[in-house]
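Listed below, chain by chain, are the residues.
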Amino acid sequence: MNISDIIKPENKVYGKSGLLLDKEMHYCPGCSHGTIHKIIAETIDELDIQEQVIGVSPVGCAVLAYDYIDIDWQEAAHGRAPALATAIKRLYPEKYVFTYQGDGDLASIGTGEIIHTCNRGDSVTIIFVNNAIYGMTGGQMAPTTLEGMKTATTPQGRSHITSGFPMKITEMIALLPGVVYATRQSVDTPAAERKAKRSMIKAFKSQQLKKGTSFIEIVSTCNSGWKMTPVEANIWMRENMFPVFPPGDIKDETGF
Amino acid sequence: MGEKILLKGNEAIAIAAVRCGCDGYFGYPITPQSEILETLSEMNPEKDTGMIVLQAESEVAAINMLYGGAGCGKKVMTSSSSPGISLMTEGISYIAGAELPCVIVDVMRGGPGLGTIQPAQSDYFQITKGGGHGDYRTIVLAPASVQEMNDFVDLSFDLAFKYKTPVVILTDGVIGQMMEKVELSPVKPRWTDEEIVKLHGDWASTGKTSDRKRNIITSLDLDPHRQEVFNMKLQSKYREIERSEVRCETMLCEDAEYLVIAYGLSARVSQKAMELAREEGIKVGLIRPVTLFPYPYGVIEKAVPHVKSILTVEMSAGQMVEDVALAVKGKAPLYFHGRTGGMLPSPEDILALIKSIAEGTYNPGDFSGHNKLWL
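Residue numbers (the working numbering), protein chains in the order written: chain A, 134 to 389; chain B, 242 to 616.
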């Protein structure tokens, strides 16, 4: 096969999802958000549900997520995305509804909304990006910040004596009967990314069952906030985040 | 004539919501308005009209559910009372900023803080001047009867969708709890999803189809130039509302020498005082603002040259009276009588006040509550 054969359309094996818009992303180079956006766009594409999807973006780095994926969006107040999702799903039960939230949005200011949406078992998908830090506001402590981790508001390193423990919100959520699927994934390698995408497809498809909430945590890097290179950040995440937030399914009652 | 039944104000709100084709109610219990959520739960309209009724985990969640539902082009509504409205205020700012239509009922109780569960009108500033962060207003309707509690629900939805803005029905614990005969509104079917796409498909999240660009509901624009342009657009919408939507009731103002200005329950009490004064030959008239934003400054301004003095009656320590003062412009003496903490004005007190003003013996210390020659 020569080059002219290789570039023939019928030999194309992979392309950018048409749902991923060409707008230049505001995320820092090396940030996990871009990859996660790509997975979501591919999931919506492959399930062919663009006309039925409504996304809810958070306050935090991903506040502008609506600029990048070609679907209808609502931008929520800080932490309140699950409340929006509940209402949208109740009023449009046949639509696919998802929230996209960071650790500050979901696990700090939004704990009330996330727990009650999951407890009601609203058949929506929650995408929880956990990078253990507040990225947009400049690197302050998050509920998921590791013990000893230095941030702008824990310059001596987080201590549970003053600031509590890293919160394992996905394990907490998995305990609720309203949750049909709870998993923790990462996107630091092509293999991990493929696995995360399989989980994303399962999470969206589970909405068809109308059996409960699907919750997908993605342990992510914030190399700017962590003050590392992207490569260093991936290594640091594997060595330090994974022992506290181990990837894998926590609960799966989808039957898929 | 439609069907007339005896209802509490709160029940009338609930029944009117179902009858006017509301799609979703999201609320949280708080006295003195829990009957709205309870009545809707009892009615269980989902089986008849498909209307969703959901008890939220907090007022914060409830108002954000409104944002989500309104963002879909659906007719959504919540209700609460003063402390709960404070919690909702952040969300109301977002809804105004995202230009979404919805209806919010505030059955006021006394404050500040946990205050009391008894009625008050002390949320006037909070509700009529925006209340949350940023430059925004909500349209505010003030019912003075159970009939108006019923009528204003449908009207509020019409105004909310006409201007894509939150509308507040501002009432109090007495009107919420008292029973009167009500002629129910005609039944309107809910919009179908197809109708919503047709009516609101140019802005609402209904799912992006190939024939249109994606719709984004947001109150965010990080570009200062665009954000200012947006703010100017919002303000011109509010000016249009001020030009077109002022509603006001005047009673016996034609020959009035003394003018009472009051809204909601205070207007009902003042109306009785006016009748007692007329029996004694004192020519009293009443102006009752029905919309508190837009405020009927013009109606008051026109009445001022014809009267000797003006009395504003409120269940607050003096809030609406500041708007009255803006209209009076110092051209007539303006008196204030306010009751707070759940205490109500009485027709006898108001009559005695008017008589003392007429006779030139006014002494603020002679009367209960808050009394002042305001301006």
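I should point out that these hints are in silico values taken from the structure, not numbers from a laboratory.
Glycine is no exception: its CB is placed at the ideal position from the N, C-alpha and C atoms.
Mixed in with the good hints there might be a few duds.
[Stated by the list, open to error] Coverage of chain A stretches by chain B, computed from C-beta distances (three or more under 8 angstroms per stretch; other residues unrestricted): (1) 163-175; (2) 181-187; (3) 216-226.
Taking the hints in turn, this is what the structure says about them:
1. 163-175: violated (count 0)
2. 181-187: holds (count 5)
3. 216-226: Since 9 is at least three, the answer is holds.
Checked against the numbered hints given earlier, the structure breaks only hint 1 and satisfies all the rest.
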